[in-house]
Structure formats: C-alpha cells, structure tokens
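> Below are the chains, spelled out letter by letter.
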Amino acid sequence: MKAIKSTILLIAAFLLAQTSVAQITEKPGFGKFAITNADIYTVTNGVIEDGVVLIEGKTITYVGESTDIGADFTQIDASGKRVYPGFIDAGTGLGLQEIGAVAVTNDQNEVGTFNPYIMAFTAINPHSAAIPVTRTSGVTTVISAPGSGVISGKATLINLYGNSPDSMAVLQKAGLIHNWPSADRGGWWDDRTDEEIEKQYKEQLKKLKDYWKKAITYHDMMASFEEDPSGKEEPDTDPQLEAMREVIDGDVPVIVSVDSGKDILKVIDWIEEMREKTDARFILAGLEEGWLVAEEIAEADVPCLVGPVLDTPPEDYMGYQVAYQNAGKLHAAGIPVALMTQDIENVRNLPFNAGFAATYGMGIEEALKAITIVPARIFGVEDKLGSIEEGKMANLFIADGDPFEPMNHVEQVFIEGYKIPMTNRHRKLYEQFLNRDATVSE
Amino acid sequence: MDTIKKIALVLIFCSFTAVGVSQPTGSVLIKDGTVLTVTNGTIENGDVLIEDGIITQIGEDVSAPGGADVIDASGKYVMPGIIDPHSHIAGVDINEASNPVTAEVKMGNSIDPNDISIYRALAGGVSSIHLLHGSANVIGGESETLKLRYGQGQEGLKFEDAPRTIKFALGENPTRVHGQGSGIQPRTRMGVEQVIRRTFDAALDYRRNREAYLEAKENYNGQGAPPRPVAKNLRMETIADIIEGDILVHCHSYRADEILMLMRVFDDYGVENYTFTHANEAFKVAPELKEHGAYASVFSDWWAYKFEVYYSTAYNASILNANGVVTSINSDSGELIRHLNHEAAKTIRYGNTSKADALKMITLNPAIQLGINDKVGSLEEGKHGDVSIWSKHPLSIYSINQMTFVDGVKYFDREEDADDMRIDINPGESWEQPTVRNTSEHGCMHDTFYLFSETAGE
Numbered sequence: 001m002k003a004i005k006s007t008i009l010l011i012a013a014f015l016l017a018q019t020s021v022a023q024i025t026e027k028p029g030f031g032k033f034a035i036t037n038a039d040i041y042t043v044t045n046g047v048i049e050d051g052v053v054l055i056e057g058k059t060i061t062y063v064g065e066s067t068d069i070g071a072d073f074t075q076i077d078a079s080g081k082r083v084y085p086g087f088i089d090a091g092t093g094l095g096l097q098e099i100g101a102v103a104v105t106n107d108q109n110e111v112g113t114f115n116p117y118i119m120a121f122t123a124i125n126p127h128s129a130a131i132p133v134t135r136t137s138g139v140t141t142v143i144s145a146p147g148s149g150v151i152s153g154k155a156t157l158i159n160l161y162g163n164s165p166d167s168m169a170v171l172q173k174a175g176l177i178h179n180w181p182s183a184d185r186g187g188w189w190d191d192r193t194d195e196e197i198e199k200q201y202k203e204q205l206k207k208l209k210d211y212w213k214k215a216i217t218y219h220d221m222m223a224s225f226e227e228d229p230s231g232k233e234e235p236d237t238d239p240q241l242e243a244m245r246e247v248i249d250g251d252v253p254v255i256v257s258v259d260s261g262k263d264i265l266k267v268i269d270w271i272e273e274m275r276e277k278t279d280a281r282f283i284l285a286g287l288e289e290g291w292l293v294a295e296e297i298a299e300a301d302v303p304c305l306v307g308p309v310l311d312t313p314p315e316d317y318m319g320y321q322v323a324y325q326n327a328g329k330l331h332a333a334g335i336p337v338a339l340m341t342q343d344i345e346n347v348r349n350l351p352f353n354a355g356f357a358a359t360y361g362m363g364i365e366e367a368l369k370a371i372t373i374v375p376a377r378i379f380g381v382e383d384k385l386g387s388i389e390e391g392k393m394a395n396l397f398i399a400d401g402d403p404f405e406p407m408n409h410v411e412q413v414f415i416e417g418y419k420i421p422m423t424n425r426h427r428k429l430y431e432q433f434l435n436r437d438a439t440v441s442e
Numbered sequence: 443m444d445t446i447k448k449i450a451l452v453l454i455f456c457s458f459t460a461v462g463v464s465q466p467t468g469s470v471l472i473k474d475g476t477v478l479t480v481t482n483g484t485i486e487n488g489d490v491l492i493e494d495g496i497i498t499q500i501g502e503d504v505s506a507p508g509g510a511d512v513i514d515a516s517g518k519y520v521m522p523g524i525i526d527p528h529s530h531i532a533g534v535d536i537n538e539a540s541n542p543v544t545a546e547v548k549m550g551n552s553i554d555p556n557d558i559s560i561y562r563a564l565a566g567g568v569s570s571i572h573l574l575h576g577s578a579n580v581i582g583g584e585s586e587t588l589k590l591r592y593g594q595g596q597e598g599l600k601f602e603d604a605p606r607t608i609k610f611a612l613g614e615n616p617t618r619v620h621g622q623g624s625g626i627q628p629r630t631r632m633g634v635e636q637v638i639r640r641t642f643d644a645a646l647d648y649r650r651n652r653e654a655y656l657e658a659k660e661n662y663n664g665q666g667a668p669p670r671p672v673a674k675n676l677r678m679e680t681i682a683d684i685i686e687g688d689i690l691v692h693c694h695s696y697r698a699d700e701i702l703m704l705m706r707v708f709d710d711y712g713v714e715n716y717t718f719t720h721a722n723e724a725f726k727v728a729p730e731l732k733e734h735g736a737y738a739s740v741f742s743d744w745w746a747y748k749f750e751v752y753y754s755t756a757y758n759a760s761i762l763n764a765n766g767v768v769t770s771i772n773s774d775s776g777e778l779i780r781h782l783n784h785e786a787a788k789t790i791r792y793g794n795t796s797k798a799d800a801l802k803m804i805t806l807n808p809a810i811q812l813g814i815n816d817k818v819g820s821l822e823e824g825k826h827g828d829v830s831i832w833s834k835h836p837l838s839i840y841s842i843n844q845m846t847f848v849d850g851v852k853y854f855d856r857e858e859d860a861d862d863m864r865i866d867i868n869p870g871e872s873w874e875q876p877t878v879r880n881t882s883e884h885g886c887m888h889d890t891f892y893l894f895s896e897t898a899g900e
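Quick mapping for you: the protein sequence lines, in order, are chains A and B.
If you read the first sequence in this note's numbering, its first letter stands for residue 1, the second for the next number, and so on.
If you read the second sequence in this note's numbering, its first letter stands for residue 443, the second for the next number, and so on.
Just chain B, same shape as in the assembly:
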C-alpha cells in the first residue's frame, strides 16, 4: 500500500513537473504558400510542416501526418514569426530607477501576461519579443526573452533556454535621471564610463573574494579561525556573470562617442557579443562596430525627439548593413511592434537594402542578437514552429497578417477574430462608461516621469 502510494505520488509529482516545464506545442501543415525562409531563399508553392512545435519538413508536396491541421496558404506568404529585440510590452514595471546600477532586478519577475499589447503584436506577425528593462540606469536589470503565447501565465511566456540578457544605458537618460534628478553620478558621459568601470572592478573583486571564501568554507575543518564570510551580493553576481560572458548586453545608446566608449570598456574587461540598441549614430562608427563584432538594433526612422538623436539618419540600418554589421529593426513601442515588417521595408526606401536583408532585420538578425538563432529567426527544419502568414509580400503596406503560430500553436487568426481569441473581452458597446484610456505607452522611460518635469524621450 505504501509502495503504491509512493508510486502514485511520484507519478503526480512528475506530471506536475512536466506541466511546469513544457509549453503547449502544436502540429500543423501549412501548404502551397510562398515560403520566405530567410536563410534558404524563397520556395514558391512551398509547404511547412510543424510537428509538436518543431519544423520537421520544408519543401514541395509535403504530406500531413495524422493529427496535424492543414492550412491552405495558396496565394499567401509564409515567413518566420517576427522578433522584436527591443520591447516593453507585457512589462509590469519597466524601470527600477533608484540607482545607476540595478543589475539584481529581473524583468522575468515583471511580466504582465494579460497585456492586450501581446495580442496586438501577434496580430502584426510577432512571435517573440525581448522584454527589456528601461533606460533610466547605466546598468539596468536583466531582461527577458518572451514567446507571445498569449493566454499562458508569466512562466508560460518565457522563451525556454534563451540566454540571459541585460540592459545597459548611456547618455541623456541615465545622466538626467541620476545626475540631474538626484545629484549623483553620472551627470555626464564621462561619469557614465566610470560608473561602468568601477562597477566592473567591484564585481571582479567580489567574485574573487566570494569564491575564495566559499572555497575556504568548503575546506574549513574546524581548526583555527573560521574564514571571514563574504556575503552573497546579487548585484555583483550578475555583473560578474556579464564579465564572464554568461549574459548578453543590450545597450541603450545614441551617440557615436558613447558607443566607442563602451567598446573600449568591454575590450578592457573582455566582454564580447553585445548589441547597441537604438544606436542612432551607430552609422558613424560602422567600421568600428564591425571590427568588434558588435551588433546594432535600431529604429527605422525615429529622430529629433531629443538632442542626442538630432543628428540621426533614417539610412542608419542600411549603412550598418552595408558595412557588415548584424542589424535589426526594433519598435520600443506598442504601436510600431504591430507593423515591424513595414519598418523593415523602409530600409529599402532609405538606402536600398535588399528585400532579403530587410526581412532578416526583423527575424534572423534579432535572433542572433538574442542568442536564439539556433531556435528561431528563419524557417528551417529543426527550428521552432514560429510562423506568420501574410496576404501579400510582408514588406508591402497592403499586406495583412492572417495567422501567427508559436511552437506550432495558432495564437492569432484574422478570420476567426471577432474579438473571440482575446482574453477578458469587453467588445465595443460599453464605451459610454468612464474608462481608462490608452494604457499602452510601453516606452523606455516608463515609470521615471516622476523624476523630472520635462517630457522624457525613449
């Protein structure tokens, strides 16, 4: 009896564990579409088979195994789900603006799975986002890469096995929040550099001391004075992990000088594989970025909303791309995220980037920058079944997203959407009641407006 009980308990435990770890996956065969694979060209009348969330076949005349839904995509375009490498949708709090360095906080603890912006992004063909900490601090919190599994809880939205990432911020935002707002360093770009260097130095000392202590504690045999404790410090742990290469840095930055500064600092500490986000002046230092293997994630055309973006160009992405820098287009907005495909198309208007490269900027390139390009970012066998289906070529303004799949599960279907795929639906009619208007700002400086009177930029 006891044995049976134990077995039952073990079984129950296992089933809970399984539920806790794995996310819903689906099987579907998308047939006869124009398949934009991103990495292997375009397949006319192509089929994409997804089984249990993984792409298992791409080609012509693929047949559906039992249990897979079949979707007729004839006349339509099939592309990988769009990835937004800079977003604040689905965030509860965005800025822990209380200190220039807050590496210990995590956006993974600040996910709002019910944010309607998730559904709206799905409607724009987006399957993954990088939920970033805000830009108030020089070293902000850890960010979280999400899959837009709308309807799942906080854990269910997380992109399993995505590398850890963290937000850095240079220039006007941290100098205004901390220097101007609170009278502490940094007030200048000079100060920003030293905040990073002194924090890195402290973290190196911390790790050495902490490891020495842990080792001494391990070896302590009760003889003589016990080793002097070095308390665990989550902020320092995170910084040390950055220096050791365990966390990818995405750095909010605008001006060329501050981009060069961070690369010098990272060279000194051996930090590699990082992304400058916004980076409006990255085009000025494209050869240096290329030389460092640094990435850039930029707006298609935002400029002039603050002084540090006054000398910007909408040709930024095209210049970077022509110089061989892996470049993505991001939204940082609950609105732009809804049509990142057209934001990417602007790189053709501004600088004649090829259509193929424009598409990469919202699929493969952001995946590279997030370290998830082995899983998503293109339609390839073995990658995740994250797919969107469009009525026309997705770079055309007349194209409308029809369906979005994440792990082979359909989370958006335009035809079926009479509001019925959304959570907490309250369609149209109750508009006469006083209601909260437009909660979806989702900007980089969210939560910091109380710190200064002038309007803040992104």
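So that you can see chain A by itself, here it is in the shape it has in the complex:
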C-alpha cells in the first residue's frame, strides 16, 4: 500500500515537473491551424468580418467568410478580435547589435568607406533578446542593415523566428545600403566653415562617383571575359567590386540613405545618371526632409523607406509636426512609402510610428499598407508577404483591437506558420516579479 502511494506520488511529481518544464521551454506550434470568427484585415482585399483563416504548414491556405474545417485543425476562436498580416519594418539593425553602449556587441558598423561585400545576413544573431521582444508585437519581418561608411554593405530581409540566419532570411541580400554624403552641417558640434563643408562634400562625392565608375568598368570587363574568354587574359577577382555586379545588374537594389532636401535632389540627379549607365534599381531611405521635395521624388519614380515617424523636426525652425506628416505627404505625392523605425531594441514601436503617420495625414489604411504590402512590393516579395492571401507565407497575428493603439494587445503571432510562444524577456520578468515575495529578492 505504501509502495503504491509512493509510486503515485512519484508519478505525480514527475508529471508536475514535466508540466513546468513544458512551460519554460514552450516550443512553437506547427501544423494546421484554423483562426475563426475573426475580423480579418487582409490589406489587399479589405476587411472580412467574422471570417476564417486556415494555416497549413508554412502557408495560408484559406481566407474567407467560412469553410469546412477538418478535424485535424487546431481551432483558435478569435471572436471579437482582429487578424493582421505580420508587420514589416523596412529599416532596422535587429540582430546586429545587442547592447548599444557595449561596443563588442555591435556588429552593425564595419570599418571602411566602400564595403559592398559586407552582408548583414552573416552576423544576424537569431537569439538576440530583442527578437522575441519585437515579434510578439506583431512585427514579424524586418530589414536589418549594416550602417557605416558610404557603402555599408547589404541589408537582409528576415522573419523574426528561426535558429539560424538561413532559416530566417526571406532575402539574404535585400539591398545595398548607400549613405549619401551630406552637404549640410552636421550639428552644433560641427564647426567647419561653409567652404570646408562644400569642399569635403565635393571630395566625398567624387570618391563615390569614382567608385561606381570603377565598379561599372570591372563589371564590363568581367562580363566581357565571361561572354568570350578566348584570347583574353583572365582578370583577377576583386571581391568588393565583384559584390557590386549584382547591384549594377539590378538584382539587388540600392537603398540610398539621405535626409536633407537639397541632398535628396542631388541623389535624384545621380540616380538619373546611373539609370542611364547601369540596370541598377534605386530606393530612397530616411528622408527627414522628403516632404520638401515630394514632387521631385515622385517624378523620379523612386520608392521610399521613411522614418522614424516618431522624431523631432530636422531643423529648429520647422513646424512641430513635420516628422509626423512626412510619410503622408510623400504618399500623397504618389510615392510608394514604406515605414521604418531605424531602431534595434524597440522595433516593437513600428505600429505606433504607423499610428502617428495615420493620424497626421496618411490615414489608417495607407499607414497599414506602409508596414505590410508596400515594403513587400518594394523588396519584390509581395508573392510571399505583406497581406493575408491564400498561398502566402503564414505571417500574421491576432490582436484584441487596433494594433496601432498602444493600449491594445497582440495576443498571438504566427511566423512562417509557426505559432510563436508569446513570451520574451520583458514578459518573463513581469511574470517573475509582479507578485514577488516581499522578503525574498532574486
């Protein structure tokens, strides 16, 4: 009798232990899910009220008002809730830097001025503490970009779930980060004379143009050899210039980061020139003063990555709302606008950046597109991401209301079909310390 009791106790203890282990190491679910009774914000096909989304494996297999749901589907009742496609931040440093002030944790800024062969993809840390913090906010996908020099290297487009950069990457190489040298004064610390600023800007511009000239020449030389090597001496490989070839061919777009109005105009002139000489594709990014030259950008037909929206005006004399209104004004000029936070640990604030853009002129629907389908189109992945459509990657989330509202909650996130555990460092600390025993400090 005693032995039986002990055995039962042992089994009970074992089961308890199992349960608690299961809680700590909750694995993402994967398989077949049916989200029912939800208001589905498809982005590309309006809002389906009280609808159904089916997920099978990595893919959305049904979106609509109702359908037969097989018994093998795990059902998630989302009555009174909303479903959105995963949000996309078109410019972050996520996975490349862990702690801002600790230099050894920063893999974002390589040494050198022209680094086309540098790839953010290589250094993405899939286990950065900021990644779960971000994805549980509904931001499922980000551009993560290197940052230093004139040509920083290539940004990557990643889903925020996976155990390796390979399993996360939607595009290993999403764009070449190209920082335009500024003809503007840097700030209060910048004590150069106007002449020095002008001179240095011209020097930097010349270096930049020379670099592209060299890259084009190299590309022509290599292409010519590859086409017909007979009678030619095989040229040596230059790994940096080699990395420019896919850019010149237009396979990887150039993301030109530029902020001031007059610099933007110079970039537009340069883009026109480069379009004549190469097949390169261009995207503008940053654009603090884009609103000043919106018409010129629209004429140049270049898509724009704008943000952060939550920013101060670039100049003291500018109106207090210009940063909030910028995205809306560019959109109104007919430019495809995607939003970005340019953040690392707080990319989770992307929905609030969109909320501000919406409030200050862009409108809710367009602001939603600016963090879903528009970035998907700009990076050429609209067949996979950016809306809730059959056949697309199952990146989506369920919220208890409008996700632009800081008051509301994101309740469940799916990334590539994986039902993501809704936990992260911030939540774990909350659970640990909300009702901490008053006498025991951990």
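Simulated from the structure, these hints should not be mistaken for laboratory data.
Any given hint might turn out to be false.
Computed footprint of chain A on chain B, listed as stretches where at least three residues anywhere in the stretch have a Cβ under 8 Å from a Cβ of chain A [as the list claims (entries may be wrong)]:
| no. | segment |
| --- | --- |
| 1 | 735 to 746 |
| 2 | 749 to 757 |
| 3 | 788 to 794 |
Virtual Cβ for every residue (Gly too), placed ideally from N, Cα, C.
Since the structure of chain A is provided, determine the placement of chain B on it from the hints.
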C-alpha cells in the same frame, strides 16, 4: 514735493516688484468637454472655469463671468496639463561634469527660454517639466521645476513655490565619467555609495561647525580671541539641506542593487521622500520601494541601450503600480516629451494598468514626486489652470492635442498654428541655406561626450 517724489518712487518700485514676481494669468471657461479630472473621475459634458490662472469651478452648466474667454470643447477631452518629471529641454548646460559632487550648481541658472522644444512639448499637451541636471555626477546640481510659459524669460519659466530638487546618479554614468574617465572615485558601485556617505558626513560636520561659528560670532562681545571662522560652502550647504529634508532627491538609477543601496544610505541619514528616475530594475524591488515610500519615474519601454538596462522590462511601470509604488512615466527626450500620453498608454499594453492609473502617471504622480501636487496634476478647484484639450481620448494614438493652457493662458492652439505662436519664426522656405541640424538632443549625458570615446547612454 519730496514726499510726492518718494511716493512715486515707492509706487514705481512696487509695480516693478509685482512684475518681477507674478506671472501672466488668464481667465477662460472650457465648456462641454469630457473632463478627465484624474482625481475625481470623468465628467461628461463638463465645464472647467479658470479665473486669473486658478481653477474656480468644475461641473456642468458653469457660466462664464465677464472677461473670461469661452472655448467650446464639445466632442473633445479636457485633461490636466501633462507633467514630465525628467527632462532636459530648455536647458543650456546640463552636466557640470568636473567633480563627482557638484551640489552647488543650479539648473535655475541654466534655462534657455527660447528652446523650440518648449513649444513642441506644449504641442504635446505638456504644461510643466522638471529640468534636471545631467547624470554624470553622483550628486549633480539642483534641478528646476518649470512651467512652459513659452515667450517668458528665464525667471518667467520657473514654477513658483515648487520645492527644491536635486539630481543624484548611480551606476554606469558616474563610474564612467569619473572613475574610467578621470581615474578618481567612483569607478564602481561600491565607490558610488562611499562618495555619497563621505559627502553626507562632511556636510553634517560642516553644518555643525558653521552654525557653531555663526552662533559664536553672534555672541562675540569683543573679549578674548574672536571665533575661528568657518567659511560658507555652497556645496556643503546644499547637501546639508538635503539631509534636513529641504530638498527632494531625484536619483538617476537603473539596477536593483543600487536602488537598495541608496535607500539604506538614506535610512541612515534620515532622508525621506525621494524618487528613483529611470529605475529600469525598480520592478525587482517594488516591495522595498513601497515600504520606504520611495517613488519611481520610469521610461515606458527603453532598454538595451547600455548594459545596466539589458535586463529590463516594459512592464516596469505596471509592476510598480500594482505594488502600490507612486510611479510616473518620463521622457528624458525632446521627442518622447511630445507624446507622453501614448507612453503612458503603453502601461495598458504592458501589464494592463487601468486607464485612470495610466493618466495619473503623467499628471498627478509626477506632481507628487515634485512636491507640487497641491498646485497641479489634476483638475480640481483651487489648483492651477494648467489644461490640455484633446481631439479624442488622450490615451488613443489618434488623439491630437488642440490647446495647452498654463495658468489659464493659452500657449498652444493647433488651429491658430501656422507657425504664428512661435518665437523667432523662420518658416520653411530658407531650407537651402546651410543650417544647424537637430540641436535638440536633450539627453542625460549632454555635455559629457568629450569625456569618453564610446557613445554614452541616457
């Protein structure tokens, strides 16, 4: 003739004095709004009457006395002006980073009344800020509580009769600036504690010796040796005033251990009524904070910008609030100060704080922490006429501030703002000239970047 002259002079003198002391006040009746009083719930279709800068009536169907402007707030939300308990906008210099203890300096002497950030904060519904000294020193300078009376001079921005406050700083900033940067204590959190203790000890000795000297001097009748002078020391005067409870401490801090350390030190010296600002790990010691009656003023979600905030949580404010700690949300930023209402709303996302408590975190609670809650922080009769009017509920991201009043005077009106309510306007068109970009950093480590090469945190 002489008498008339004298009377005239007296009159002129009095009028100057009056101008020097009192700030502009206004009278206004805000009608038919949804009034979020903060302390007495919500009044639908409520009216708020401000007379000569003071709220005199709150209720329904209040009628306007002669001379008061009437503002139709129907469909809008009326709330107290937002108070930012941690700001560096409107500061000229922020850090006197030359010594680990600089209690003698005062932010009251370092106010830039023309900082455009003041106007931008008004546009975000902010009526008062706590202009803090920076965080380079263990004991920094005295801070200054301001009212955002944009257009007034340095004196005109000061919040009259607000208690004196002072900045303390623990952890990475003082240890980097002084220990790492200059090779003097403190280099560690151990050193930080002893810098505070030895300074407090010195101040107690100073005050005893100084008072003994002053008393002896007073009583000296010319017989025998005169008393040995003890020179006045402003640094020590200020520290002694802290120990005597005349100055409220707002302490930059992050880690739980350093928060506990300061509470132990304050217990030993009898210092009460203090606030931990930033306090990213305050949630770990919420019961201890509650037990000490200590306050916390935190970011809504900043973390990971330096090592001491790596183990942070955006649920900090909610945990503290649930544990009964008086908690405020601050900005420490020229940007976040523009939407503190949404920063407060995040406490609902992160930890389900109630809407009422979220609003308190940017109004009443910072007022308590600054010792001005008898004057501002809620809409109550007898309090100052510091009010903001919003297009929707202020915790909604779609809400836009329409007007901000300080002492019943309108300092921001969105409808009238075609840049015309700002000083030194230079709207838009001159952008082609080379200009100074983005001067408004306004961080805690302002003025200290020359001291080390790595980028500094807040």
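> For every hint, state whether the structure bears it out.
Structure-based check of each hint:
Evaluation of the coverage hint for the segment 735 to 746 of chain B: fulfilled, as 4 residues show C-beta separations to chain A shorter than 8 Å, against a requirement of three. Counting residues of the segment 749 to 757 of chain B whose beta-carbon sits less than 8 Å from any beta-carbon of chain A gives 7, enough to reach three: the coverage restraint holds. Given a C-beta distance limit of less than 8 Å, the hint that chain A covers the segment 788 to 794 of chain B holds, as 5 residues qualify and 3 suffice.
Violated hints are absent here; each numbered hint is respected by the structure.
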